[in-house]
Amino acid sequence: MKKKLGFYPGCSLEGTSREYSESVISLAKRFDIELEAVPDWNCCGASSAHNLNKILSLALPARILAQAEKAGIKEILVPCAACSNRLITTQHELFEEPELKKEVEETTGMSLSAPIRILNVIQFIQEYIVPELPNKKVNAFDKKVACYYGCLLVRPHDILQFDRLEDPQSMDEIMKTSGAEPIDWPFKTECCGAGLSLSRSDLIGKLSGKIVNEATERGAEAIIVACPMCHANLDMRRPVINKYMGKKLNIPVLYITQVIGMVCGLSPKDTGIKRHLVKVNIN
Amino acid sequence: MSYRPNNSLSEEVLEHTKVNSAGCYQCGKCSAGCPLAEEMDYTSSMVMRMLQTEDKAIEKELLKSQSIWLCSSCEMCISRCPMSIDIPKVMDYLRQKSVKEGLQNKTADKNIVAFHRSFLDMIQLTGRSYEPGMIMDYKLRSKDFFQDLTMAPKMFSRGKLPIFPESVKNRKNIQDIFKKSKKESI
Amino acid sequence: MARIGVFVCHCGENISATVDCENVSERAAKLPGVVYSTDYKYMCSDPGQSKIKEAIIEHKLTGVVVSACSPRMHEPTFRKACAEAGLNPYLCEMANIREQCSWVHEKSETTTNKAFDLVRMLVEKVKNNHPLESIKVPVNKTAVVVGGGVAGIQTSLDIANAGHKVILVEREPSIGGHMSQLSETFPTLDCSQCILTPRMVEVAQHPNITLYTYSELEHTDGFIGNFNVRIRRKARSINEKLCTGCGLCCTKCPAKKIESEFEQGLAYRTAIYVPFPQAVPNKPVIDRVNCRYFQTGKCKVCQKLCPTGAVDFEQKDEIIEVKAGAIVLATGFEVKNTDFFPEYGFGKYKDVINGLQFERLASASGPTQGEIRRPSDGKIPEKIVFVACAGSRDVAKGIPYCSKICCMYTAKHAMLYKHKVHEGTPYVFYMDIRAAGKNYDEFTRRAIEEDGAKYIRGRVANIYEKNGKLIVKGADTLMNGRPVEIDADMVVLATAAVSCEGSESLAQKLHVSYDSYKFFAEAHPKLKPVETNTAGIYLAGACQAPKDIPESVAAASGAAAKVICLFAGSELTREPIVAKVNRMPPPIFSTCMGCGMCKEVCPYQAIDKEEIKNRNGETIKTIAKINPGLCQGCGICVSFCKSKSIDLEGYSNKQVYEEVLALLNS
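Residue numbers (the numbering used here), protein chains in the order written: chain Z, 398 to 680; chain P, 127 to 312; chain S, -5 to 660.
Hints are computed from structural coordinates only; laboratory data are not their basis. Any given hint could turn out to be false.
[Unchecked claim] Example chain Z residues on the side facing chain P (calculated, C-beta under 8 angstroms, incomplete):
| hint | residue |
| --- | --- |
| 1 | Cys408 |
| 2 | Ala446 |
| 3 | Leu453 |
| 4 | Gly506 |
| 5 | Ser508 |
| 6 | Pro531 |
| 7 | Tyr641 |
Even for Gly, the Cβ is constructed at its ideal location relative to N, Cα and C.
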């Protein structure tokens, strides 16, 4: 029987991170999983709304959750770490605080009856892909990799209860099953600069630069990510990084779904690796 | 029972975020791990200390600080805080309050705050964040036209910048949400 | 006719701030049977007690109700006062209007009403009290001390020197505890072994002390003055009588790569081993889990080497039953040594060690003969970062308390390092320097001012390894939280002091209370610091809370003093709050049917069956018989008795019913 799962792509996956979306969708297809997008979804507010307006920062994700609920979605995949963080915390806060929930429901004009299960991409891979992986694997990703979790994948830990906060292991384990050798490195959860990408790109050079440089120095051949913001900063912002670091860092940045896709024989077109700014010289 | 003085910023923070700034004993573990601490005028543990003073002049200084805008909400601080103090939530509140009072830091207002405004304007317009549109809007606000100009062609050629914005069908719903939340938020 | 006196205490402002004490007193005066009522600021004070005594005599009182704090606090005080005025002490009762009223309610009329209700209930109860006489039980003048660290050693020597027998039970193969692992001690920097080992020897040679090492307390029952203690002597696989401690057996043992517990994993030991050269007793033990013979059935090298034939592979655990009048718990503490701090890399990086490991590195008898060399490659570190509060005062990690000893030993570590490696730089990350003790603050100042320890006020965020260095990321909170990064060669974490493994189950075996961190609880935090809630069981040292050596020793001598007091008389007076079977004469009229249900449920084995015989020696009735020496007055038998033939003295069914009815009939 074909498995069916709700899907919230989020804005980045429709724009600057198209390849992430493409690789998630191709991978799901390869594993016979039907992804059903939330009808008429909107932006979750991501890294901006919470800075300026509390109710708005809850109302935008609440609308998405309500739209999903209306479509009968009980479990939803949210590949973008920032979006999944927003959706998970919003859902948690609303169901913890009935008064706040009421206020937000009045703002959106939609109600929420029960929490739905929100999966980040790692949880999705652990549950839906890894068990089937041995059957679909056609080659190994025989590389030393630096798994970069970023800030939001394992946080907030109290609500997420996923992996551990310091030196997380879940991505590393998945990479091992793909034949890669994850390196031990200290910057797995250091911030890349995230939402400051556009407004303070000078800082991205420093923050992301540290991360890319450390991965390179420790002998990684690729950095593996699971968040479009991390990817944008480590990949698209590479010229800024190289300028700040004063050297040319060539290490490619791959989405975890792209790597698994490659292992399962998906074409470069399916995984979208051609869209990266830092060229991927692997396979 | 609470014996706090009334109308302090820390009390306001407690009310709106349920975070008790008195819990902080300034161990500095948050500042030590904060990726942006070096850039900040007040590091996170100082921010908590400033709240604890309940001194009007210091509270104002805090709301005018650049730190609250530099915080990227990465949550490293809370994940290591021995007292589990939700500093990112406090930062959210301070940013909101600072804008409401018109105290936002002058430097940050030109870039970081401007970016958030452009971002939200874009969503208000279409329901989604359309990057080219947002970038244009931001550049008008920040008057920083040349930064990142060289990136655009590369992004277009890789299909990373869509030419037309995607939009939510029920745009009225989105606009209602913005209207209502502007009224109700602090 | 009852003549009851009511005495309402203000407890300073503790009660009077929320309860209108005068009002309670005035209303109590009108209760039937009450002939005198008054209120006073401090009823427990000398003038307060005098008021009670005078009233007893003047008004010929037949019962007294003191409405004040919890009876756990002052019942003995007031009962004694009554006795001094010639009233049987068990005709005095306390109404708790502090813990159960004033402390938990706001000031209001309702609160005063509640206080009055509590008084009224006790007035009804006391009308049904009758005089009781305290019970005398014999005292067995032997003490069992559990744990042979410095506290256990001190307590044992003090009791033994007072002329009483002591049985010292130690879990490890040697006594000495953590103190024997320490290098030098603060604030005098005298060598730990030099001051401890003579006392260890004294214990072993003392005629009044029986030492059982490699042994554990398995079971206890009984009560103060009369405990029965079962000790398991684990099989040492060595006949201690034959062994001369020559050490030949350890030289050829093929299992060599076992991490030494004493050296905190920084050195190896063999499977047959003496934990450290100064061990008492200086006799080896075979670690059966790692012994080649016990694992594969072949080897026996040690047995062949032993010149006296002391190695005994067939030896079994031995169970010893002893009788004791008192038990002292001195089981000590542990330092956290797991990777409960993934951000600090303990367990992941070899050169991130804990404080106890540093003690071994700095100890002349340690794995490096006292040279400070880092575990990974034996290099002498140029920079060491000491991290205080690694886990302590950390609510998120579940340890909100201060471990108390770390500030001082960290200053000592920095000092010792500097004394041994002059060109080295010690950094200390701290939050507060807690150096409240004689010559303690002077000591930490010396570390900073004279020995150049660089103190940075801030907590370390994380530690990672890079190019053979440990990068320590901290902040200087005295400089606006400015980030500080140090490339250290070694990091010493002052990990939290926690209760010993197994302390919870030990506490349960002994019916001793413990706190949420599994440290044993004292009976009163200020006035009974070495007593437990179970009479006859005392606490010494860090099993109660983190303590340094002077404090542990002081507590140990305190516990010893309590034991010696207990052993001073040959008899012990006990509260007569015991169960009693209805034996209305003639015995045949007793309502007890002899079903024996009470005997089954009694947790103290205090009940037996008694056969009542006629003149011809024929059994005419069987009834339950309670040994008042063993009965603890728990009342379980009362609730199980189908024919309502058992009553608890001082808390009879009638008394309790009258008390409750007083409330219901208001």
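Evaluated hints:
Proximity of cysteine 408 (chain Z) to chain P holds as hinted, the smallest CB-CB distance being about 4 angstroms (cut-off 8 angstroms). The interface hint given for alanine 446 (chain Z) holds, since its Cβ lies 6 angstroms from the closest Cβ of chain P, which is under the 8 angstroms cut-off. Hint on leucine 453 (chain Z) holds. Least Cβ distance to chain P is approximately 4 angstroms, under the 8 angstroms limit. Hint status for glycine 506 (chain Z) relative to chain P: holds, with the closest Cβ pair at about 7 angstroms, below 8 angstroms.
Of the supplied interface hints, the one on serine 508 (chain Z) is violated, with its beta-carbon coming no nearer than about 14 angstroms to a beta-carbon of chain P, more than 8 angstroms. Contact between proline 531 (chain Z) and chain P, as hinted, is not supported at the beta carbon level, the nearest pair being about 33 angstroms apart and thus beyond 8 angstroms. Violation of the interface hint for tyrosine 641 (chain Z) is found here, the shortest Cβ-Cβ separation to chain P being roughly 13 angstroms, above the 8 angstroms cut-off.
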